[in-house]
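Novice: Each chain, written out:
Number of protein chains: 2
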Amino acid sequence: MSKYKIIEEKLKYSGKISKFYSQKILLPNKKKIDIDILKQQDAVAILAITEEKKILLVKQHRFGANKEMVEIPAGYVDENESYQSAVKRELLEETGYEAKKIKKIFAVYTSPGIATSKLILFFSENVKKISKQNLDEDEFVEILELSFKEFFENNFEDSKTLLAREFLKNIVK
Amino acid sequence: MSKYKIIEEKLKYSGKISKFYSQKILLPNKKKIDIDILKQQDAVAILAITEEKKILLVKQHRFGANKEMVEIPAGYVDENESYQSAVKRELLEETGYEAKKIKKIFAVYTSPGIATSKLILFFSENVKKISKQNLDEDEFVEILELSFKEFFENNFEDSKTLLAREFLKNIVK
Numbered sequence: 739m740s741k742y743k744i745i746e747e748k749l750k751y752s753g754k755i756s757k758f759y760s761q762k763i764l765l766p767n768k769k770k771i772d773i774d775i776l777k778q779q780d781a782v783a784i785l786a787i788t789e790e791k792k793i794l795l796v797k798q799h800r801f802g803a804n805k806e807m808v809e810i811p812a813g814y815v816d817e818n819e820s821y822q823s824a825v826k827r828e829l830l831e832e833t834g835y836e837a838k839k840i841k842k843i844f845a846v847y848t849s850p851g852i853a854t855s856k857l858i859l860f861f862s863e864n865v866k867k868i869s870k871q872n873l874d875e876d877e878f879v880e881i882l883e884l885s886f887k888e889f890f891e892n893n894f895e896d897s898k899t900l901l902a903r904e905f906l907k908n909i910v911k
Numbered sequence: 739m740s741k742y743k744i745i746e747e748k749l750k751y752s753g754k755i756s757k758f759y760s761q762k763i764l765l766p767n768k769k770k771i772d773i774d775i776l777k778q779q780d781a782v783a784i785l786a787i788t789e790e791k792k793i794l795l796v797k798q799h800r801f802g803a804n805k806e807m808v809e810i811p812a813g814y815v816d817e818n819e820s821y822q823s824a825v826k827r828e829l830l831e832e833t834g835y836e837a838k839k840i841k842k843i844f845a846v847y848t849s850p851g852i853a854t855s856k857l858i859l860f861f862s863e864n865v866k867k868i869s870k871q872n873l874d875e876d877e878f879v880e881i882l883e884l885s886f887k888e889f890f891e892n893n894f895e896d897s898k899t900l901l902a903r904e905f906l907k908n909i910v911k
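For the protein sequence lines, the chains are A and H, in the order given.
The numbers in the working numbering rise by one with no breaks, and the one at position 53 of the first sequence is 791.
The numbers in the working numbering rise by one with no breaks, and the one at position 116 of the second sequence is 854.
The set of hints was computed from the structure by calculation and includes no laboratory data.
Glycine included, each C-beta is placed from N, C-alpha and C at the ideal position.
There could be a bad hint or two in this list.
Now the stretches of chain A that chain H is said to cover, found in silico as 3 or more residues with beta-carbon under 8 Å [said to hold, decoys possible]: (1) 750-758; (2) 773-783.
Think about it this way: if two alpha-carbon atoms lie no more than 30 Å apart in a straight line, the pair counts; the simulated DSBU-like pairs of lysine-lysine are [unchecked claim]: (3) K867(H) x K792(H); (4) K750(H) x K770(H); (5) K762(H) x K805(A); (6) K797(H) x K842(A); (7) K762(H) x K750(A); (8) K757(A) x K754(H); (9) K770(H) x K754(A); (10) K769(A) x K805(H); (11) K762(A) x K748(H); (12) K757(A) x K743(H).
Using the sequences provided together with the hints, build the complete structure.
Specialist: So, in structure tokens, the structure goes:
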């Protein structure tokens with residue numbers, strides 16, 4: 739049992755994909771403090787390698803960073819959707835590629851101090867192009883296919899993409 | 739210039755270390771949408787190796803994950819503080835170790851879709867114990883010193899700690 743107890747929780751703001759809460763916590767020293775918590779659906783991402791040995795990446799504007807970024811395909815898990823289904827769906831929607839066999843490589847908290855949600859990172863080889871992109875009307879996503887060399891030499895600004903890069907470096911070396 | 743324009747921003751909730759905003763965005767297709775943005779100070783973290791070739795980690799309860807987690811030392815950058823000063827301060831406060839030479843290895847967005855803040859990851863070798871921990875009265879942090887083998891074999895649940903692990907695997911191999 740945790741020595742930290744959530745004794746009160748108040749919804750402070752409900753956004754479109756995230757909710758912000760204030761929690762009152764009873765600490766091990768019996769003091770009470772107020773903290774902020776962000777709740778969202780968990781996310782999935784995939785390091786996907788094509789039959790031609792290219793790594794699939796997507797380039798799009800990101801609202802938090804407020805700039806265009808290059809990342810591995812990723813997205814939120816829908817309610818009642820498994821991580822496996824979600825990551826296959828996101829890959830297909832964003833790139834048109836199908837991943838038949840996927841392997842979970844990491845399950846991590848990206849902001850454990852404030853966010854309750856996890857990111858589940860998958861790996862798949864020999865993914866196949868089976869359709870066009872299938873984006874929402876307000877989504878603008880460019881597909882990139884990088885060689886291993888290009889992927890390893892790129893200084894990505896996205897945490898999960900760098901984690902995938904370092905993981906792949908380790909297994910191909 | 740970005741084809742995405744922030745045309746309105748409203749503060750929705752101001753927490754202790756984070757602020758939640760709603761932004762109205764003008765998209766490239768001229769439509770307007772509302773999105774949520776989380777603003778915090780940038781964070782720093784450090785992969786610190788002692789003279790005895792041990793990796794320094796800290797174990798503490800994390801409120802977002804709502805559990806005890808093992809991570810590399812990390813913390814928020816104070817206002818008007820450099821990343822370099824912040825990471826040396828955090829390492830010293832959390833572990834009592836001093837890092838003389840530090841090297842920036844990654845600067846990443848951990849949640850580029852929603853959060854404006856970055857995480858800057860540093861690396862330092864031969865860090866020296868020079869004092870006791872210096873924690874806030876409500877902080878309870880246990881120091882761990884892992885061998886390279888233990889560090890490489892541990893399945894950390896924290897994104898930045900796994901990124902540091904994969905980075906180190908690549909440079910020692």
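Novice: Against each hint, give a clear statement of whether it holds in the structure.
Specialist: Checked hints:
1. 750-758: holds (count 7)
2. 773-783: With 5 residues close enough to chain H, the hint holds.
3. K867(H) x K792(H): Holds, at about 12 Å.
4. K750(H) x K770(H): Holds, at roughly 19 Å.
5. K762(H) x K805(A): Holds. K762(H) to K805(A) sits at ~16 Å (cutoff 30 Å).
6. K797(H) x K842(A): The given pair, whose Cα atoms are some 25 Å apart, holds under the 30 Å limit.
7. K762(H) x K750(A): 20 Å, holds
8. K757(A) x K754(H): 16 Å, holds
9. K770(H) x K754(A): Within the cut-off at roughly 15 Å; holds.
10. K769(A) x K805(H): Measuring from Cα to Cα gives roughly 18 Å; hence the hint holds.
11. K762(A) x K748(H): OK: K762(A) and K748(H) at ~26 Å, within 30 Å.
12. K757(A) x K743(H): Holds, because 24 Å separates the two Cα atoms, which is no more than 30 Å.
Checked against the numbered hints above, the structure violates none of them.
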